[in-house]
Amino acid sequence: MEAAGRTLLEYRPPPELSGGGQGGGQGRRPVVVVGGGPVGLAAAIDLGLHGVPVLLIDEDDTVSTGSRAICWSKRTLEIFGRLGVAGRMVAKGITWNLGKVFHRDDLVYSFNLLPEAGHAMPAFINLQQYYVEEYLIDRAAAGLPGVELRWKNRLVGLERRGDAVLLEVETPDGRYRIEADWVLAADGARSPTRKLLGLAFEGKVFEDRFLIADVRMKAGFPTERWFWFDPPFHPGGSALLHRQADDVWRIDLQLGWQADPEEERRPERVLPRLKAMLGEDAEFELEWVSVYTFQCRRLARFRHGRVLFVGDSAHQVSPFGARGGNSGIQDADNLAWKLAAVIRGEAPDALLDTYDEERVHGCDENIMNSTRSTDFITPKGPGSKALRDAVLSLAGSRDFARRLVNSGRLSVPCSLAGLSLQTPDADEWDGGAAPGTPCPDAPVAAPDGTAAWLLDALGGTFRLMVFAETARDLPEGLPAGITLLAVVPDTSAAAGMPAGVPVLVDRDGLARVRYAGRPGSAHLIRPDQHVAARWARFDASRLRAALARATGTVAEGAVA
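Residue numbering for the sequence shown follows my numbering, beginning at 1447 and increasing consecutively.
Quick caveat, the hints were computed from the structure, so don't treat them as lab data. Do not rely on the hints blindly, as some may be mistaken.
Stated by the list, open to error - Distance condition first, Cα-Cα at most 20 Å in a straight line; then the derived PhoX-like pairs of lysine-lysine:
{"#": "1", "residue 1": "Lys1664", "residue 2": "Lys1538"}
{"#": "2", "residue 1": "Lys1664", "residue 2": "Lys1721"}
{"#": "3", "residue 1": "Lys1826", "residue 2": "Lys1650"}
Build the full structure now, drawing on both the sequences and the hints.
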């Protein structure tokens, strides 16, 4: 594909225009996803993996232009691993764990985002959004027959009708109508779905502008995240440098609120700024330029009846910290299993309210961190700037000041502890992955010694993970819909497990450390790889209560 994201996607006239849809051209679908970016595609694939037929519509017929979202976090890569695209992404992307922060010419501090070993995924990769979209499209088109993608299909009308949503869609061959049981709005920051429902964003627009430039060049910079406050090549502003695939480098430069966005996009304005940073003799090709404004805004609610908002259609945050695309993928990860359970009749409609509860919680955490980063990067007055500069001047030699430096706290998944679906601990634990925590990965092995990763055995459905040394540590009579997974210390213990029980060998002992596992302890794992509950010893009644809570079939506050 071409680096700027101009790959054409095939448009086909929809069958509804020729009477080929159900009901004389007005078909009805279980789920329609509006928007074919990474979040919409991830949601469609996830629903397809759950056996739910999905129609995805998008008004464009290309993957995205420019790199846009480039930093994909470890948790997002783990989700993409479950969806079947992480391998291609990691192979193509630029892996990095190290970052450096400079004040003028001085190195203030450096950090390592993944200092420990024993994880399948790196802390971050940098990969242009158009590659991610291409890989997701390939995944949806190959091996997921229940997922249909329609390009050049633009949503122009939406009417909510009790148990359905009526959509009007415009194509090059005319308009058609289609009904959906559920609609997922993944149509971005300018969401047509949001506008058709008359919903307002709440939050703050920061008075500053930033230039993004994608530059293709051969350069000797290390594969690290470099951030400057008040650099000599761009005095009074900030700058960020990231390497991407194909020798493309992302450069962000702070311009100030008075900058004219149209003027600043012109090559005659961009090139002198880049040469000041890279050197007058630097050889590079300008591939893509954009000017953006920091925004931290969200919908008051992400669920509006049978219309659910995910990604930028639901929330926006400033890009420093890589919270936009990553949080959108985590939205889809949270929603897909819940919607599939409701559609299959395995959970009540109220389970979808917990999507709103959990992801609004995550969004507010992202907005808080993003706002703090923005306030530090763009101080709003001489007093704030003097304090910021004092922190930077001390950070090179004082630990307390180093902790105050904020060049964009990088995306980490939020904990869901204390929210409706999680069962609080009733037993004593010495650390480990508590209820609400995303499941940590660990290197494991199959009983035959084949190397594997723990997360590959978790997710997609509810699982009870039991740490066992003998068969006596395993429970009997699990409720329907739960799969048992035994984690054992060695191959001899694996040989003693009952036939038919999936077994993994904790070859380095890291699974036991990361989950505080001991013989007979059990963790109930949600389909989105979060811990729902845990017990020092298995108890059937407590498991049934925790499962009922995790599927929304008991009231909040019930005790398991």
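Hint by hint, here is what the structure shows:
no.	hint	verdict
1	Lys1664 with Lys1538	17 Å, holds
2	Lys1664 with Lys1721	14 Å, holds
3	Lys1826 with Lys1650	14 Å, holds
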